[in-house]
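Trainee: Sequence:
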Amino acid sequence: MAHVKYEIVEHDGGWAYKLGDVFSETFKTHADAVFAAKRAAREQEVPGESSTIEYQDQSGRWRTENVSGSDRPDTEVEDDVSP
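Here the sequence shown is numbered in our numbering, starting from 96 and rising by one per residue.
Incorrect hints may appear among the rest.
Claimed, not checked - The calculated lysine to any residue pairs, modelled on SDA-like cross-linking and capped at a C-alpha distance of 20 Å, are:
(1) K133 with S163
(2) K133 with D175
(3) K100 with R137
(4) K113 with T170
(5) K100 with K113
(6) K133 with E173
(7) K133 with T121
(8) K100 with A136
(9) K100 with F130
(10) K100 with A131
(11) K100 with D174
(12) K133 with G155
(13) K113 with D127
(14) K123 with V176
(15) K100 with E140
(16) K133 with L114
(17) K133 with F122
(18) K133 with D169
(19) K133 with V99
(20) K100 with V172
(21) K113 with D169
(22) K100 with E138
(23) K100 with E171
(24) K113 with E140
(25) K133 with E120
Worth flagging that the hints you see were computed from the coordinates, not collected in a lab.
Take the sequences, apply the hints, and build the full model.
Mentor: If you want it as structure tokens, here you go:
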């Protein structure tokens, strides 16, 4: 199972959550960023429909896979910042 970690960080004059190198929108308060990150984390864990996907891999080849809608990541929100 994949693991997804959202991190709460100061960003662009406010607060945001970050997944890897990607930032969310900027929130005015730390609490708002934490709330949004927890909501995003919960949504990642919700099962969806199984389907067939197509994507281009790093070498440029097109791949087709069947993916299970129940294969959802484990999520967490990391908040090491004191507002």
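Trainee: K100 and A136 were given as a pair; does the straight-line alpha-carbon distance stay at or below 20 Å?
Mentor: Holds, at roughly 8 Å.
Trainee: Next pair to validate is K113 with E140; report whether the Cα-Cα distance is within 20 Å.
Mentor: Judged against 20 Å, a Cα distance of about 17 Å means the pair holds.
Trainee: Given the hinted pair K133 and L114, is their alpha-carbon gap at most 20 Å?
Mentor: holds, 12 Å
Trainee: Is it true that the CA of K100 sits at most 20 Å from the CA of V172?
Mentor: holds, 6 Å
Trainee: Is K100 close enough to E138, meaning Cα to Cα at most 20 Å?
Mentor: Holds, because 13 Å separates the two Cα atoms, which is no more than 20 Å.
Trainee: Is the Cα-Cα distance between K133 and T121 20 Å or less?
Mentor: Holds, at about 15 Å.
Trainee: Could you grab the alpha-carbon distance between K113 and D127 and see if it respects the 20 Å cut-off?
Mentor: holds, 14 Å
Trainee: Quick one, are K133 and E173 close enough, alpha carbons at most 20 Å?
Mentor: Answer holds: K133 to E173 is near 10 Å, not above 20 Å.
Trainee: Below or equal to 20 Å on CA atoms is what counts here, so check K100 against K113.
Mentor: holds, 8 Å
Trainee: For the pair we were handed, K133 and F122, check the Cα-Cα distance against 20 Å.
Mentor: holds, 14 Å
Trainee: Can the restraint linking K133 and E120 be considered satisfied, given a maximum Cα separation of 20 Å?
Mentor: Cα-Cα ~14 Å, so holds.
Trainee: For K133 and S163, compute the direct alpha-carbon distance and say whether it is at most 20 Å.
Mentor: Cα-Cα ~24 Å, so violated.
The structure fails to meet hints 1 and 12 from the earlier list, while all remaining hints are met.
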